[in-house]
Amino acid sequence: MKHLIYTFAVFCLLVTSLHSQEKEQVGSAYFQAVDEYKVKNYNKSIELVKSLLADGKSSYEFYALLAFNYDKLNDFENSYKNMLEARKRKPDDEDLLQASLAILTRHKKWKPAIELAEKTIPLYPQNPEVRYFYALALSEKGASKTALSQIEKAKAGSPNDFRMLELEGKIYYNLKNYDKADVSLRWASSLNQNSAEIWNNLALVQESLYKSNKKLGKKSQANTYLAEAKDCIRKASDLNGESNTIKENSKRIVALNDL
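With the first letter of the sequence shown counted as 1, position 170 gets the number 170 in my numbering; the numbers rise by one all the way through.
Don't take each hint at face value.
Stated by the list, open to error - No more than 25 Å apart at the CA atoms, straight line, and that leaves these computed lysine to aspartate or glutamate pairs for DMTMM-like:
| no. | residue 1 | residue 2 |
| --- | --- | --- |
| 1 | LYS81 | ASP93 |
| 2 | LYS247 | ASP182 |
| 3 | LYS44 | ASP92 |
Worth flagging that the hints you see were computed from the coordinates, not collected in a lab.
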C-alpha cells in the first residue's frame with residue numbers, strides 16, 4: 001500500500017549490492033532466502049539466513065533481510081535489532097537509514113523515528129522518503145505545521161507520490177483547513193483510485209465542507225459536497241466493506257439529507 005516504493009527499494013537493496021565474489025562465497029542460500037521473502041515465506045527466509053550466519057558468513061545484507069522478514073511478521077524488536085546490525089556494518093548508508101525509518105513508522109515508534117530522521121536529513125537532504133517518514137512521525141506527535149513544511153519539501157522530490165498528498169490532506173483535515181485537505185486528497189485519489197483509506201478520508205473532508213457551507217446558508221455548494229461525500233464513502237466501502245470505521249462513516253454520511 002503506502003510502502004510500494006519502499007518495497008521496491010527493499011528488493012533492490014537485497015539483490016544488487018553483493019559483489020560477484022561475495023555471491024560466490026554465500027552460494028545460493030542467500031538468494032533463495034530473498035526469493036522466499038518475495039513470496040511471503042518469511043519464516044523460511046529467516047531460517048536460510050540464520051543458516052548462513054551459523055556457518056560464519058556475515059554481511060549487512062543478511063541482517064537487512066532478517067529485519068525485513070521480521071518486520072513482515074510484525075516482530076518489531078527482532079526487526080529493528082537486525083536493522084541496527086546491518087547499519088553497524090554499513091554506517092550512514094542511505095538505503096538502510098530509509099529502511100530503518102520505514103520500520104519505525106510502521107510500528108508507530110514516533111519519537112525514535114523523529115530522532116533518526118533529524119540525523120538523516122542533513123546527510124541526505126534530497127531524499128523525499130526520509131522527509132515523508134519524518135512528516136508522518138511529526139504529525140502523529142502533533143507537530144502539524146512542521147510536518148507540513150517537511151511534506152512540501154518531500155513533494156518537491158516526489159510530486160506525484162500519493163502518500164505525500166494523502167498525509168498532507170489528513171494534516172489539513174486535523175487543522176480544520178478543509179479546502180486545502182480537499183485539494184490534497186482529490187489529487188491523491190486521482191493517483192491511487194484503489195485506496196479505501198484515501199476515499200474514506202476524502203469523504204470526511206467533503207462531509208465537513210457540506211456542514212460548513214450549510215451553516216453559511218450556501219445550499220447549492222453544501223449539496224454538491226454532500227453528493228461527493230456519499231460517492232467517496234461508497235467507493236471506500238466497495239474497496240473495504242469490512243472496515244468498521246468505513247461502516248460507521250458510511251452510515252452517518254448516507255443518512256445526511258440534501259438542503
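Here is how each hint holds up against the structure:
| no. | hint | in the structure |
| --- | --- | --- |
| 1 | LYS81 - ASP93 | holds (16 Å) |
| 2 | LYS247 - ASP182 | holds (21 Å) |
| 3 | LYS44 - ASP92 | violated (29 Å) |
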